[in-house]
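Starting from the two chains in their separate frames, assemble the complex, guided by the hints.
Note that the protein sequences, when read in sequence, are chains A and B.
The first sequence lines up with residues 1 to 208 when you count with this note's numbering.
The second sequence lines up with residues 1 to 577 when you count with this note's numbering.
Don't read these hints as lab results, they were simulated from the structure.
Among the hints, erroneous ones may be present.
[Unchecked claim] If you only want the chain B side, here are some residues facing chain A, beta carbon under 8 Å, derived:
#1 D68
#2 R70
#3 S81
#4 L84
#5 L87
#6 L88
#7 T92
[Stated by the list, open to error] Derived DSSO-like pairs: lysine-lysine, alpha-carbon spacing no greater than 30 Å straight-line:
#8 K145(A) <-> K39(A)
#9 K145(A) <-> K86(B)
#10 K183(A) <-> K86(B)
#11 K183(A) <-> K145(A)
#12 K331(B) <-> K346(B)
#13 K156(A) <-> K86(B)
#14 K28(B) <-> K183(A)
[To be verified] Label pairs and their calculated CB-CB ranges:
#15 Y122(B) <-> L199(A): 57 to 65 Å
#16 L181(A) <-> D110(B): 35 to 43 Å
#17 A35(B) <-> S168(A): 24 to 32 Å
#18 L181(A) <-> D75(B): 20 to 28 Å
Every residue, glycine too, gets a C-beta built ideally from N, C-alpha and C.
Single-letter residue listing:
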Amino acid sequence: MADHIEIGRLLRSETVGFVFGCKLDQIDSPSFGSMVRVKMDDHYQIFGLIYDIRIQDDGLVKQLITSDTLVNEAWLDTRGNRTVPVEIGVLALGYMLDDQVSQLLPPRPPLSLDEIFLCTPEEIAAFTSAGRMGYLRHIMRDQNKPVAELLAAHLKNTREVQEAEGHSEWFDAAVEELITLMKDDYPTLMTVLGVVDELESSQDGRLG
Amino acid sequence: MTEQQRSAKTNSGPLGIITGGGLKENLKARLTIPASEVQEGAFVVVDDKLDKWTFYGLITDLQLWATDPRYANEDLGGRLSPRLAKLLREQTLYTNAEIMNTLMMERGPDPVTETEAYFDWYQEVLDEKIRPQPAKTVPQHHAPVRLARAEDIALIFGEEGKKSFFRIGDTLEQGHPVCVNLDKLVQRSAGIFGATGTGKSFLTRVILAGLINHGKTAVLIFDMHNEYGPDDTASDTGMRVPGLKGKFPTKVRMVGLGRNATIRGERPDYTLEVAESDITPEDVLLLSQELNLRETTATTLDALRSSFHGDWFHEFKKMRSKATIKDEEGKTIAAPDSVQVWAEKKGVNVSAAESLHSKLGRLFNAPYIVEQPAANALQQMIDNLDNGQHVVLSFGDHEKDLDYLFVSNLLTRRIREEWEKRTNAYRSGKQGAPEPRPLVIAVEEAHKLLNREMASQTSFSTIAREMRKYYVTLLIIDQRPSQIYDEVMSQLGTRVTGWLGDSDDIAAVLTGLAGRDALRGMLARLQPKEEVLMLGWGVPMPIVVRSRRYDDAFWDELLKFKASARKNNAVFDELDF
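Here chain B stands alone, though its shape is the one from the complex (with noise of 0.2 Å):
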């Protein structure tokens, strides 16, 4: 290894310098160091003294090139001594990088030139007065690129325990901090993705883990597979996972869905039934693929509505499928309480009512619905988000579709509601109407919720859509993000994704985003493990990191900088600041 490599690999000295390119297409730098000495995905910096600005970019390829073709083809170690051959390569072939140039920054005063100058440069930049933008121009020939430094990127993505950021994992190369804003995660919609085995779920342990540790958002998780609240053990390595009640047992509760729920064998904090009356017609709607309902149900259940107005779902479970009795005469007619009495009274189809009853029957015989609650447990959660704590809903039992849509939909549309309710009474002006609390639902498998069939119809989608208007946002979490609705995915603020193998799913990741030709085959090659590519509106510029593993240091870590932070505030407290 050359000075020069070495000096690259430790302290980030230059790795090559910028041949061109422009503001349309990448930049071009050649290396001056080993392509091996770099991966994609590395943030550079372009860093010229000379120039007004200092660039921020990625390596989204890397080509090797020639001063002319003939000495690539040509076989020189077979030609010359192993030492002229070694001398030629290094002067005739090299390796073109391609940065995609994100953003750009006034850049300082010379620190050692001009100290002063540059302290009030720092602090401007401490104050947020300067920061790095969008590039709108490019460095000029031969600047310098180098890999970014730990200030580099603490600059760009923040620091560690300051504010509100979150270290999520560590530049691939020379493994320094990146970290994400909670507050700005959550300010719009999210989503994590990666192939079935790529970290998903432990990643988005890892943020859920942050945004309960951050405590200025609410976190309601629907685990469809009891997976976020209770211990668990990986299913790669067998190894103890701690779940998220075991490790803030104050801060989260877990609620079990029907009345008998057992999470893993234990009794959850407390348990959710839903009430019969709070199912709408279109709870059942949305589970038409799901119930293989047919086209006239909509027209049955306007009808039910319209009988039994909020009791139309318990008055339509009473009634008796294909129920006969024999009249005066002795002759077979339908039974008052059938179906077909009801549909001949309302002039509905009565084979397509017989249909939704006997297909309604798996919702009839959902022991989580009751005609009468034993607690309003549903006001308990809300309560609860709304008192800074945290709410995992196990599936428990119930892990089938069926379940998960129709709860999770009914859930998220009566909260939805109510902090809409509460949002418009805070803007209102309204005496004593605090401020909601920002609140983040994360959702499994969200395709299921949220494909091009049902989302216009849950309130998943809404959510998206509405981004923090009403102070909700989700948090979804999907292997499969191509059977999202563009629509929906192109609203995402911040996309972390693993390795995905399937072309559309990458396709699906980069929707809306620029620069999408040059993220993708980052995308297709990311390490199948612990590798993610984060991007999108949240994040200052899209960047790989390997991401923070989810083990006992991280716990360690995580409450050891709450610790910290309490510690600094009662010192500060005490000195009256």
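The shape of chain A in the complex, shown without the other chains (with noise of 0.2 Å):
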């Protein structure tokens, strides 16, 4: 199993979803559309996908932008050694309870402080092989949020895993799942579609 990459700890939760923290340097293991552990305990773990990275000002960060010369120093030591984390939203897309993968939301959120991890290949594809793509309807939940390049994101990143372990099957019927939960709303789903076409387009056009 690939190492397990912790790239922050946890500020605030709730059900749905939680946010965490990590330095400024730690920014570049978590990225947008990638999938997220909490360890709570050796039992019982909860399932996130990233859908927010952002970055706070601060009083230092506003002088440092209106003053005529920014030093290296202060450009390393602000961005090393700064106070304010990097805030991190994640989805909850489920948990997993002695062994057993849940695609519900988890009975109770993460606490403070908790160790978030980046999911390693075999643990996304377990979580997003299990059941039967259920998982989907927390990320299209919430309107507000950006749901067809999340949900693109996630494809894109999944299929590529899924792939690699053989699981060819798994985009079309992560594709259809999706249909079947967003036919009613034809504009959304469109839009979703066409962000996947774009990024399977991409795709074929690197790999080509």
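Structural data, given as structure tokens:
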């Protein structure tokens, strides 16, 4: 199994999702559409999907931006030692209890300062293959989020993982489920499929 | 083709689910297979294991639907990759089928889990204690729908070779045999319809061959165009078409009209001549249109009958029209054997009598009408029919409407009277009076005899109305059913119809039937050849079939079936069953 990469600790949480923080120099690992997990104890962990990465300003940053010269030391110090964390929003997708994956919302959210790990390909494959793709509805629930791009990014990432695992049929099944869930919302579905299509063609172009 | 589609095609797997509908309107089913996999007229079964009933119906319409019309309006292929477009189409675009819910039958126990109970139930089905009945309720939501299997069709329409079931064709989709119950077919008058060139004559041959082979019914065929008795050549393919006489040489008697009649160069078994004394004034009145008779004709004919009784035709024929002689004073007067003298004596309008005499010239000159026929061919025909033989009356060279109308009506009247007499004797319990053999009279160009003007005067309409009261029914064959009097049409038990182009003809065929609107479209869209719609009282439910081909294979099968049935009977006899 790949190494477990810790990418931050929990700032705040609720049933449908949570926000964790990390330092600016940890920002290379998590990305929009990545799957993460929070280990609550040896039996219970929560899975989520990054939908937002937010870097807040503070007084020092404002001062540095308005200063005439920005010295390199100050820039490095602000990046490396800043006390304001990068805030990363995560949608809860489900949980695992005693090795049983559930794609329902977790019974209780993670607690402050719980460690957040980036999911390994095996974990992604295991979670997304379990059940009947019910977790996709959690992604579509909040229309204030960039649902189309988030779904597209998730499908792209997961498709790569599933195909590497030999599950080439996963992508079609996921798109079918997506269509089933969203077919009553024509504009959103067409936007999502448009983005998926764009990703597919850019991937095909790259492969070609 | 997906697994589901393949299953639907080969094993009659589910083709959709019930989504709505009712008893007044058709059932609606959402198809899970492409529309191209089923066709209008397909016989389907709503087969829900959770339901008490199994439902049988016909697909009467297919409609393209979308979960949102925008998916249908958008050119998905132009906007998305073929793969995504396909996935989207499969989920959002679909076909709805309308199903005419016609029959339902009590569902039996599960043959796997309740085998013993299933066999008991199946025995009751075989014993016809449990039969399909008209649909009086509807299936549940999401009940699976599938194409009928051979066993479903056998259950509803009967199994070929068993009892009196005769295969008339096969279902369109899967080619399962569809039978007609010959005993039931002849219980009421039946009709075979179709525009010219739709295979009406071939289908009629098939049915007649079935009836003759079955052997329980006598058949009298008025063969106006010499098609049914002798061998023929198909007008479209040029292929040889075997006649009924050639295939049933001892069972079928060919009768020619007129003493010297030949049928396609061959001598018939015997010839028929009409005795002048057999002609009644009503037989002449029937020809009013054909002979352009006046309204005064009835009065003149009445006077003729009161003057000469049964010899009226002979006596009238002998009279001379406008014949004169010189009297003793040299004055020109009407001859004593002139029409005028008779008319004046009887107080009949002279010009009306003269006109009638002139117009009846066509009958007076008909070579098959004689004062004294050489043999009593009519009695021979009746005896043949009574003895289980079948008679094909070929009109030979007398193919004119006048000959056909006159002879067919006269014979039918006489035969019907004979059957009525026998029926009354049988019903009154007269000693030794046997039950009359059911008789089917096949009439071509039926609209000429059963149109609105003539229907009330001919024996044919009487037979159609009486159903099988006197053991005589009609098999009418026609291309213009709209010309047939609707009261007669509504009495037809079984209707077998090929393609009809005229909307009036289509409406006429559906007269008096439930679900006319649904069937109308189906009838209009039949293939011009070999596809026929069977409907009416004589069939459990309407069904579109690809009619059986009238070829060597047909005869081989038909005669083989008979031979094998005989063989089985012989075995049973030996076993003292």
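*Hints broken by the structure, by number, lowest first?*
Of the numbered hints given earlier, the structure breaks none, since each of them holds.
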